[in-house]
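Enquirer: Keeping their order, the protein sequence lines are chains A and B.
Per our numbering, residue -10 is the first one in the first sequence, and the count goes up by one each step.
Per our numbering, residue -10 is the first one in the second sequence, and the count goes up by one each step.
Simulated from the structure, these hints should not be mistaken for laboratory data.
Don't take every hint at face value.
In this list, chains with the same sequence are indistinguishable; a pair is considered to hold if it fits within one copy or across any two.
Claimed, not checked - Lysine to any residue pairs mimicking SDA-like chemistry, simulated, CA-CA at most 20 Å apart:
(1) Lys136 <-> Lys501
(2) Lys181 <-> Glu1
(3) Lys231 <-> Glu107
(4) Lys99 <-> Glu315
(5) Lys541 <-> Leu530
(6) Lys397 <-> Lys501
(7) Lys231 <-> Arg286
(8) Lys230 <-> Glu107
(9) Lys99 <-> Lys230
(10) Lys390 <-> Met361
(11) Lys99 <-> Lys231
(12) Lys382 <-> Met361
(13) Lys87 <-> Asn148
(14) Lys332 <-> Asp116
(15) Lys329 <-> His153
(16) Lys332 <-> Ser358
(17) Lys310 <-> Gln362
(18) Lys230 <-> Ser345
(19) Lys231 <-> Ala407
These numbers come from a predicted model, not from an experiment.
The residues making up each chain are set out below.
There are 2 protein chains.
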Amino acid sequence: MDLSPLQRARYEYQPKLPAILREAIDQVVPVKGEVTQSSTHQEQIKALFPNTYGLNKISFEKGNNEDIKKKINVGVILSGGQAPGGHNVISGLFDALKKANPESKLYGFKGGPSGIIEDNTMEITADYLASFRNTGGFDIIGSGRTKLETIEQFELAKNTCQKHDISAVVIIGGDDSNTNAAVLAEYFLQQKANIQVIGCPKTIDGDLKNDAIEISFGFDTATKTYSELIGNIERDANSAKKYWHFIKVMGRSASHIALECALETQPNVCLISEEIEENKTSLSGVVDYISTIIANRGNKGLNFGVIIIPEGLVEFIPEVKALIDELNDLLAKKAEDYSKFTKTEDQINFILNNVSLESKEVFSILPSSIQMQLLMDRDPHGNVQVSRIETDKLLIEMVSKKLEVMKKEGSYTGKFSAQNHFFGYEGRCAFPSNFDADYCYSLGFNAFMLIASGLSGYLSSVKNLSAPASQWVAGGIPITMMMNMEQRHGEQKPVIKKALVELDGKPFNYFKAHRDQWAIDTCFTFPGAIQYYGPESVCDLTTRTLALEQEK
Amino acid sequence: MDLSPLQRARYEYQPKLPAILREAIDQVVPVKGEVTQSSTHQEQIKALFPNTYGLNKISFEKGNNEDIKKKINVGVILSGGQAPGGHNVISGLFDALKKANPESKLYGFKGGPSGIIEDNTMEITADYLASFRNTGGFDIIGSGRTKLETIEQFELAKNTCQKHDISAVVIIGGDDSNTNAAVLAEYFLQQKANIQVIGCPKTIDGDLKNDAIEISFGFDTATKTYSELIGNIERDANSAKKYWHFIKVMGRSASHIALECALETQPNVCLISEEIEENKTSLSGVVDYISTIIANRGNKGLNFGVIIIPEGLVEFIPEVKALIDELNDLLAKKAEDYSKFTKTEDQINFILNNVSLESKEVFSILPSSIQMQLLMDRDPHGNVQVSRIETDKLLIEMVSKKLEVMKKEGSYTGKFSAQNHFFGYEGRCAFPSNFDADYCYSLGFNAFMLIASGLSGYLSSVKNLSAPASQWVAGGIPITMMMNMEQRHGEQKPVIKKALVELDGKPFNYFKAHRDQWAIDTCFTFPGAIQYYGPESVCDLTTRTLALEQEK
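Looking at chain A on its own, in the form it has when it is part of the complex (with noise of 0.2 Å):
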């Protein structure tokens, strides 16, 4: 395979480490600070966990650590969708094994947790990974969605595991991965399987996120990837003058993509879903809100613009929520009669005449080719695929149709034109940043320090992040102390929560300040493409989101 300059240049990047794991790996040692508990549903919690509820944190000062040069060999899974930086946790988690002991072993399950239950495994050699560190994407063993949440998964793993004289497993992934991270450790425990699990935080979608994780991996990169095209896009708006961009972005459950991308580009609007939710905007709120701006700008001859649209915009949409609920709830009860319509008018009336009056108005309000997407974009359980209805032209439509009343009524003498963009792979596999790229080799070798600790259930953490790397603080967190109690598939289950952006947070806050402004005047900024060499101040910044997070 040819390589480009760029990555042929990356594999010579060492990533940066916190200062104590710049130390010889016998001259570090686990510290035990507090004790921990989960936030709320402390008892339920406890009872779930007996082995790895109320551990201690950990951090690592300098000492004698002789134990550390044990043989041992450990298995990576990456879990779920790409973020930029998993292969550097691997290169980090290989690093400091091979320090420790040249000996010990890494493999990878590949494919994801299904690599594990069905032994799907690789060593990863020194060799193998050269031509991976620094890079995007998970191709070096491949991932998966498979979910590890079953006695009989559990089993399964635990004797891959044994064949591989594998005794301890880092599990690479999101929210849901790390959960059933904490409750593989628990059961592994409770066994005396003597097989220690070790979660590391990944999702470009920011959501995970609590007092323990100050940043997911992945987000950095990603965030910085769609910033670049979206300033683009600006450039060219404001160059042409004649376009109204309408830009969405992946973040299905929370919008910090859209508000990130907001604070380092500055458009013209930037829907943030729990704002809408907590004010139970309409949809037809959403487009008086956008045509509004639209019109203001249009009226001082300002015909062009940038719009930010997170993915999952249209769930926050409480009578959208309710039309596609309704919708799932119908198309399973009465499959087989509207199985029977193979005209679309026929279809889209059997709909109208079986839902709510509310889903009913809705529904009538939403453009042919949204209703069409509704009806014919269906999962194998017959669920609407929110992920395909296409919001940005949805809104697009509707705005066009309010901006065209507007102009009747007088209220908007501009003229509107419309391009639609939706970026989400586009950043998932992106080089990491330097921001990543040293994050996620932290999280790898850190991860490593936790199982030389012997340690279990916990989650490597990388903490004081927005100060240079070697002032980062290394450690750990037993996973358990970041679950609370939620309904998953009609039963309380132990979760991670999921980090949602707060209202009442500094990101937020700081965007709410300056939006007026955005939105009528022109403020656009251009970040541009990652750098990875040059001036710190353009290289390693990591995100305005926790810039503002960490203000003093």
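The hints should help you fit chain B onto chain A, whose structure is shown.
Expert: The following block gives chain B in isolation, referenced to the frame of chain A:
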């Protein structure tokens, strides 16, 4: 307005010039080279351009040049679609002008060619320019698509120039704009208006290219930006192993962008419009070609891949082009009859009953969403808006159907799931690569040298571009040299010939020699984001297309 860290840093960048332009500006003199002629239609073009035909090529050498210090006012126009580097053409022009005489002034005509007609004129000062150096976009003075073609427009332009004592105009544009620059230059000479006109070769499409122009500016940066994204998507495809990504890239008339991106990223499929036209490949031929590759990979268990599609593809497929022409004709002639139908079915039946048998067949096999696009998205003249046709989705739907058939026949055993993307606006206003920053600055600087040499109807030319900038060769080429006569709107017109992808050229041949392997194997290359700092091998290389063309 807030500035991004990269924007701040880019202000400090000092673009590189060819060696001769680094001399003291009064120590450089023009040298006449060979007399030129157009490659075809010599007599006709000579007759149309009595004052600007058959001029000499110009280069520069060391020599005493007191004349250059004369005070002079120059105007500049950005014409047509944005391309990275436009701001640097203006910077180079400004710096040379002020070096020669600090009292000389540079004026910008705002909003494209209409600015000179309507006297929408502003002085570009050092302070104002400072915030645009080495940045993308055309927002310094804006751009527009008005064509400078009529005597009336020329007279208005003359008045504007005389009002501001402007004696030279630099037009930064594509093939049409430079054609018009030549006509304007000729007109001003005929009128003895004492206004020189110099052109600069801009277009991300790469189709303004010939013996005198090795590359149009912006092509390098735009294709690098698209290639960054395509590489990221390839990495995602290879990590998740579950999607085929259909990626449409800009390029209506020529497939240079698609080809360059393919050379940079080695996708499984890249369609080249010129080849499809040459081979008279049918739509089902294109679908079969793609489906076969998907099936071959799927049968090996590789249910993922990346396909690059040039934006203008459908116009190069003979029977689709015929259908579009027929539709335009039919809906123009029978607009009234057609407008009576409100139901889609009736509209479609009307079309089917009124087009030729061949077009009826083509229309019938199109997915209904594309049929709708053909019927509904029409420009103000009633024409089908080809650029709005979602070719990526068209191919996904048709390939999907073909694969279902192959599955039933037993020749395909894989799974097919697809994502579509369109990259255009994402790259037109990126921060110019070092290559484009240097090249554009040199083009602008050089444009002033041509003005100072008293020339008109010339294109600013900088050659030997695959060598380091110090070895670049600056000079001027009479625009008439690049012309031929072509049928435009029913008339024979002198125009600069559009450069299509040459099917016997080195870049296409390289692609052709490798594409079968790229199709079946996974040979993805990941270029990553444009780098402005760091190793020269990463930051200063220009396109693969140019490297192959200039390969010894």
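Enquirer: Each of the hints needs a verdict: does it hold here or not?
Expert: Cross-check of the supplied hints:
1. Lys136 <-> Lys501: neither (38 Å within a copy, 43 Å between copies)
2. Lys181 <-> Glu1: Neither: 42 Å inside a copy, 62 Å across copies.
3. Lys231 <-> Glu107: For lysine 231 and glutamate 107, the Cα distance is within 20 Å only across copies (19 Å; inside one copy 55 Å).
4. Lys99 <-> Glu315: So lysine 99 and glutamate 315 fail the 20 Å test inside a copy (39 Å) and across (54 Å) alike.
5. Lys541 <-> Leu530: Cα proximity of lysine 541 and leucine 530: one copy only (17 Å, versus 43 Å across).
6. Lys397 <-> Lys501: Intra 31 Å, inter 56 Å, cutoff 20 Å: neither.
7. Lys231 <-> Arg286: within (12 Å within a copy, 43 Å between copies)
8. Lys230 <-> Glu107: between (56 Å within a copy, 18 Å between copies)
9. Lys99 <-> Lys230: Cα proximity of lysine 99 and lysine 230: across copies only (12 Å, versus 49 Å in one copy).
10. Lys390 <-> Met361: The answer is both: 19 Å in one copy and 19 Å across copies each meet 20 Å.
11. Lys99 <-> Lys231: For lysine 99 and lysine 231, only the inter-copy Cα distance (15 Å) is at most 20 Å; the intra-copy one is 48 Å.
12. Lys382 <-> Met361: both (13 Å within a copy, 15 Å between copies)
13. Lys87 <-> Asn148: Close neither inside one copy (25 Å) nor across copies (77 Å); limit 20 Å.
14. Lys332 <-> Asp116: So lysine 332 and aspartate 116 fail the 20 Å test inside a copy (59 Å) and across (64 Å) alike.
15. Lys329 <-> His153: For lysine 329 and histidine 153, neither the intra-copy (54 Å) nor the inter-copy (74 Å) Cα distance is at most 20 Å.
16. Lys332 <-> Ser358: Close inside one copy (15 Å) and across copies (15 Å); limit 20 Å.
17. Lys310 <-> Gln362: within (15 Å within a copy, 29 Å between copies)
18. Lys230 <-> Ser345: neither (43 Å within a copy, 41 Å between copies)
19. Lys231 <-> Ala407: within (8 Å within a copy, 31 Å between copies)
The structure is inconsistent with the numbered hints 1, 2, 4, 6, 13, 14, 15, 18, although it conforms to all the rest.
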